[in-house]
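From first to last, the protein sequence lines are chains X and G. Numbering-wise (numbering that gives the first Met the number 0), the first sequence opens with residue 0 and increments by one. Numbering-wise (numbering that gives the first Met the number 0), the second sequence opens with residue 0 and increments by one.
To be clear, the hints were calculated from the coordinates, so they are not data collected in a lab. Just so it is clear, the structure is predicted and the values come from calculations on it, not from any experiment. In this text, a Cβ means the ideal position worked out from N, Cα and C, and glycines have one as well. Don't take every hint at face value.
Simulated restraints on C-beta separations [to be verified]:
hint	chain 1	residue 1	chain 2	residue 2	range
1	X	K21	G	V101	22 to 28 Å
2	X	C63	G	N79	37 to 43 Å
3	X	A67	G	I75	37 to 43 Å
4	G	A80	X	Y74	21 to 27 Å
5	X	N35	G	L4	36 to 42 Å
6	X	E28	G	I82	24 to 30 Å
7	G	V110	X	E28	16 to 22 Å
8	G	E73	X	L29	35 to 41 Å
9	G	I82	X	Y74	16 to 22 Å
10	G	I11	X	A67	29 to 35 Å
11	X	C33	G	E73	45 to 51 Å
12	G	T19	X	E24	47 to 53 Å
13	G	V101	X	N35	20 to 26 Å
Here is what each chain is made of, one letter per residue.
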Amino acid sequence: MRIALLLPLLLVGCMTVPVIEKFPEVPAELLVACPNLKLVEPGTTKLSQVISVVAENYGQYQECQIKADTWIEWYNHQKVIFNNIK
Amino acid sequence: MFAWLVEHIVSIVPFWVWLTIACAGGIGYFFSGIITLIPFLMPYKELVKIFFIVVCLGGTFMCGSDGVTSIWQEQIKEANARIAAAEAKSKETNIVIQKEYVDRVKTVKEVQLQIQEKIITDTQIIDAECKIAPEAIEDLNAAAMPRGKK
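My request is simple: use the sequences and hints to build the entire structure.
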């Protein structure tokens, strides 16, 4: 009975260190969503116009690819930094 | 709650006070035989002894709490310093990543501009022997339509 009464008193010493870790900031550019692909004007018969839109879409894809790669790079870097805190 | 209360009291009262209380309790207990010779304390001989034991134990406990709290505060300081260093490193990394990203996108845009200019230059050659069927445009646009978006 005495031990049962003493236990809660002893356990109050088990506290975690009150330290707050903030979630790391992300570069603002990475928070912009990728736009939709551009569509060719219906009724277009010229191949040059189609190629122009397709080329633009390729460029758009490459930008989004860079963004995705950068997110992965950012995550890996931040993970290493976070794991080194402990 | 109890730990918080102890820590709060410890942070206000200096260590020497607890040491003095513990010593006073010990000395009081040691001399309780003499103290209880005082006529009005004589009937409370045992109570006086218990009182001094409690004072001594309480003082000793708080001395220990003071030490533990100091270690704890030191750990908090160290943890905060580690976090501050990590945050600084994180910001530095962000600057490098951001710069790399901007440079890479800039290169893509520059190349895109060159390609668009080349397409304009080659328009006559491209369009000379080719007429696109409307179905081809429909198929192409269908492929480019966004899907699976939230």
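| task | Mind listing which of the numbered hints don't hold for this structure, in increasing order? | result | Hints 5, 10 contradicted; others consistent.
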